[in-house]
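**Student:** Letter by letter, the chains look like this.
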Amino acid sequence: MNILPTLKCMTVAAAILASTSVLAFAKDITISVWSGGTGPNDTYRLDAIEIAAQQLEREAAIRGEDLKIKVEKTPYSDWESFKQALTLAAEAKKAPNIVATGHEDIGPWSQAGLIVPIEDYVDLDSWPLNDIYENLMEIASFNGVVYGIPQDAESRPMFFWKPHMKAIGYSDADLDALPQKVQDGAYSMANVLEDAKKMQDKGLVQPGYGFYPRTSNGPDYWQFYTSFGGTMEEDGKLVFDKAAMTRAYQFFADAVKDGVTKKNHIGMPGDQWWKEVATGKAGIWHGGTWHYARLVNQEGLTDFFGNVVFSLMPAGEGGKANTLTHPLVYLLTAGHEKEDMAIAAQLIKIASEPRINVLHAVKSAHLGISKAESEIDLYSSDRWAREATERLLPYANAMPNNADFGTYWTIMWKGLEASWTGAKTVEASIGDVETELKSTLGDKIIIR
Amino acid sequence: MNTSRMLGLVMIAPAAIMILLFFLMPVVLTGVFSMTNMTTATGISGGAYQIAPHSLNDLKSTMPDIAEQMAQPRYAIDEAGMKAVEGLGLDAGIATELRAKHIGDVFQTRREAERMIKGLDQRPSTPDVKKISEQFNRSVVNSRFSSKEELFSALDTLGFKLTDAQKDSVADVTYTGWNWTTENFSRIASSPDMARVLFNTLLYVALVLVLFNTAYAMLLMIWTHYMPSAPATIFRSIWLLPRITPVVIYVLMWKWLAWDTGFISVLMGKFGYPPKNYMLDNAYNAWVFVVLINGFIGASMGMLVFSSALKAIPKSQFFASEVDGASRWQQIRYIILPQMRWPILFVTCYQTLSLLASFNEILLSTRGGPGKATEVWSLAAYHTALNNYAGNLEYGLGAAMALVLVVIGIVLSLGYLRIFNYGTLVSRPLIED
Amino acid sequence: MAEKSQPSANYSTWPVILALSIVSAPLVLMYAYLFIDTITDTAAGSLIPDSFTLRHWRFLWETPAGKPNIWLVTLNTLIFATSVTTVIVLVSSMAGYVLSRLNVPGRGFFLAGVMVLHAFPSVTLIIAIFIVLQMIGLYNSLIGVILVKAAIDLPLGIWLMKGFYDTVPWEIEMAGVVDGASRFRVWRSLVLPQVRPGIMAVGLFSFLTAWSEFILPQVLAPGSKVQVLSVYLSALIADDNNFDFGTFKAVGVFYIIPVLIVYALFHKYLMNIYGGGSKG
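Listed in order, the protein sequences are those of chains A, B and C.
When you number the first sequence by the working numbering, it's gap-free, plus one each residue, and the end is 483.
When you number the second sequence by the working numbering, it's gap-free, plus one each residue, and the end is 963.
When you number the third sequence by the working numbering, it's gap-free, plus one each residue, and the end is 386.
The hints are simulated quantities; they were obtained by calculation from the structure and are not laboratory data.
Take these hints with a grain of salt, some might be off.
[Unchecked claim] A few chain B residues facing chain A, derived, Cβ under 10 Å: (1) T569; (2) N587; (3) T706; (4) N709; (5) R726; (6) T791; (7) G799; (8) G802; (9) A903; (10) G945; (11) R948.
[To be verified] Label pairs and their computed distance ranges (CB to CB): (12) I862/B <-> V284/C: 45 to 55 Å; (13) A131/C <-> D207/A: 22 to 32 Å; (14) E94/A <-> D621/B: 20 to 30 Å; (15) V636/B <-> K355/A: 34 to 44 Å; (16) I482/A <-> D686/B: 34 to 44 Å; (17) M798/B <-> S157/C: 23 to 33 Å; (18) Q696/B <-> D219/A: 51 to 61 Å; (19) G179/A <-> Q696/B: 17 to 27 Å; (20) N709/B <-> K374/C: 52 to 62 Å.
For each residue, glycine too, the CB sits at the ideal point set by N, CA and C.
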């Protein structure tokens, strides 16, 4: 029992020593940053903060301060364990200083007070923040407050395997015109199923490989709802458009019935999906702009443009051709020393510098976040970045930042999975979704 | 007497504390959470008061005027704000210039106010700009207050005179934390998916229990009984492997067996079948694998329990029956099986609880898929409480689902205590000083 | 009734062995390939490996970006498993003795509690357990998971230890007490040696379950500094950027070897417990 007071004394002494040394000599700060969904192509999500730290140290040195910043980087390759770890860590007040995550987390996390608005720390009218696309800044805001800074942008196109398209009768000229046709609404979701079926009937692809979408839950599936005329949010209230959702569910049920999509498609191993779309085993598929990086760098599809056409997602019945952008945002988490937060905010700001952000955009085939970025050689000389930006970004929607959107999403996905796998009929799924939305969200959602 | 009791208390204290901390408290907390609408958004440790745009929407119906007034975000360069700025200890020139050029100005947004401040001759640094603009903030929109009192006093200083009833409703709609509710249970009771999950759970427990934990284990016991002891030991060891193998590796092996590029797929490929994911191909397959994966683990326990019960049967009974010319089947039927009543009951009781709670294997193999076909109750509780793609974990509902299992667990255990005659288990201690 | 009057030695055993071999084949196959695949390469679409390679074992000397170092993870796992074992053995050998021999208030109640808890679906309490850990500041620390894991397996440990103490003849203790030794000394130097097999069994069992534990560290200690092998391996599998069964299996073999060694050396102790009923 005697050792405790002594121990306390020593800790206090050490603390005093430590604090004086901070004043007298250098300032050492550790900034931790986590990011979700970060594979080998996306490492600049974290590295950018490290580059920014070097820059900030130099700036401090010129001002005569000795600032040392250590950046602790934690990438999570998937989303589920990332969000679980992050929410629990934040709840336990052990969150990292900076997190790069999907913008949809802003709603619930700001309500919970897990994140603080970045506009409290940075001047949004200053470079480079004032050059970031207005709609992206909008997506990084909630309740009119700017919480995060967009880290990347992307959009989700429809991909067509050229050789198979040619084999079912499209000429090169037809294929060149296809993106425009999609944009004009002349090529619709019904045509997607039709062409997928043709490819299969001709034996170009195996059964179930005609239309080959994402294998797991993701924002992509809201795009189908939008494509069939659905709206996610109106005036701050979530919207469940029964007719549009029915058409979206029906699309997948039909795809399975026609045999162009596998019934057990959801949950198949991701690696296999990549290999298959890279080698022409799939006819038409749906993905994201960043897929380009993976297909070309990791999966060996060197002649991308010779083999693949990409377009907006075609219009479905009752909707328009569209795409969805799901920017990641850098967020500042609550519960840290004010000084650390200020430095973290500075790092985010510097990391948004076009020259730094472009490294991520081009390496991972995401889209740039600012106008100036698109003028940097690395970006403008990259065919993919240029074409994808022009063809897709102007038509991009985003999911709403709404604290209850996650609940809606979970229920919507459950219904889609049920009608896809045939566990329930489309009507029954929609009925169950409606019941569950009513009982969970009540008047927070407009059902029509 | 006294010292021994003291010693007893001291020696049992660590166990008591750990059980209190990690069993009793969690049980109580689960009960508490199940009565709330707690999610990531509401936080666990309580919320704050924030006049967000959506709360103003809610207020509009009951007190339109006040809501309208509150919605006015504005930054007013007034005398009170000037005083505060002067108190910040910044360069005096800033305040002087502000007072001279801008007193009386009103800005709609913070950004506009800050632009003005940055336009001052002595341009303050960004942190200072933020500090100065804050002094002129005359709006409550989006500010967070950690308590009701702070909220009300802020409203008061801004000139909102509210009645107590109005205060209450403002506090209600602006509260970001969780509330008490019994809705979780009505959701569980009414949701069609929950019924499905319940059905899955019963099916899962019943199938694994009947097919593997008892029937197959019995078969293993009998087979190993009728073979020389060397091969019997080998087979027993083989069947214990699933139990001692860490679950992540164990499931990995099954995946390798059943995946698209896995063993079965390649093997069937030799016969001309296209490769497919045999585990997730359809709900039926997924069920077969879920039952096999868990069954192989469970079989070993039954095998050992039954084997030791078998050893308790006097060898002479077997010899006697053989002399009488009994066939193997007759031995099984008339000698072995009658002795297995208690072991079977024991295994059934024990494994029911284990199976109800175990979701590791399903989580790692099918994740409850395809299409929630193999989602069982404990896994659904885990998914609800700790997994949400959009970052909003539903702690309250998850806790309510867990509570259902907790109650089942307690009821069953108490029932088992009766069956296995609790009285003899707690017989008085041997030595009493 | 052809077998009538056959002596027992002549019950033919080969059909039984054959049947059991057939049903055991999938298991044997899975374990055999678990080892073979780590040191060989197999052409796609083939079942027979065609070349020898060590590349699946690269994880031992190369740390991929964003993944913690394997040796740190192994060390964590070792610390985790041995600490859990120590805690369970210490606490349950004390509590088991009390429940077996000493008359403390609430003994019956405690014993009933242990009975109920030792088969309790405690994993379902994980959300609440997280809250408790968070309150005492041990979320995302090894100590936190160690305590939780030890607490969850404690009722079984206590129950088993009580069983072992019950079999110790009380004359031993009586002799000690009569000689004037304190009750604690009697326990420490006379009774404890008698239950060594029990301590071995509980200890080994605790070590193996802790070594295998997945969901608790996954949820309660996900940080890369405190990661254990189960979480490391499952994260590796979940990452679809480097999907390679060979590497997964190499990590798996690396992870399972200690288990197999312990099992091979001490399986007679373990049989008691696995037969007596444990979780899983």
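**Student:** All hints, please: hold or fail.
**Tutor:** Okay, the hints, checked on the actual structure:
1. T569: 7 Å, holds
2. N587: Cβ of N587/B sits 7 Å from chain A, so the hint holds.
3. T706: 5 Å, holds
4. N709: 13 Å, violated
5. R726: Given a least distance of 8 Å, the restraint on R726/B holds.
6. T791: 7 Å, holds
7. G799: Given a least distance of 13 Å, the restraint on G799/B is violated.
8. G802: Interface hint status for G802/B: violated (13 Å vs cutoff 10 Å).
9. A903: This interface hint holds because 6 Å falls under the 10 Å limit.
10. G945: With Cβ-Cβ at 33 Å, over 10 Å, it is violated.
11. R948: Interface hint status for R948/B: violated (38 Å vs cutoff 10 Å).
12. I862/B <-> V284/C: 45 to 55 Å: 53 Å, holds
13. A131/C <-> D207/A: 22 to 32 Å: 54 Å, violated
14. E94/A <-> D621/B: 20 to 30 Å: Roughly 22 Å apart at Cβ, these two residues keep to the hinted range, so it holds.
15. V636/B <-> K355/A: 34 to 44 Å: Given range 34 to 44 Å: holds, Cβ gap about 42 Å.
16. I482/A <-> D686/B: 34 to 44 Å: 40 Å, holds
17. M798/B <-> S157/C: 23 to 33 Å: 24 Å, holds
18. Q696/B <-> D219/A: 51 to 61 Å: 54 Å Cβ-Cβ, so the 51 to 61 Å window holds.
19. G179/A <-> Q696/B: 17 to 27 Å: 24 Å, holds
20. N709/B <-> K374/C: 52 to 62 Å: Roughly 57 Å apart at Cβ, these two residues keep to the hinted range, so it holds.
The structure is inconsistent with the numbered hints 4, 7, 8, 10, 11 and 13, although it conforms to all the rest.
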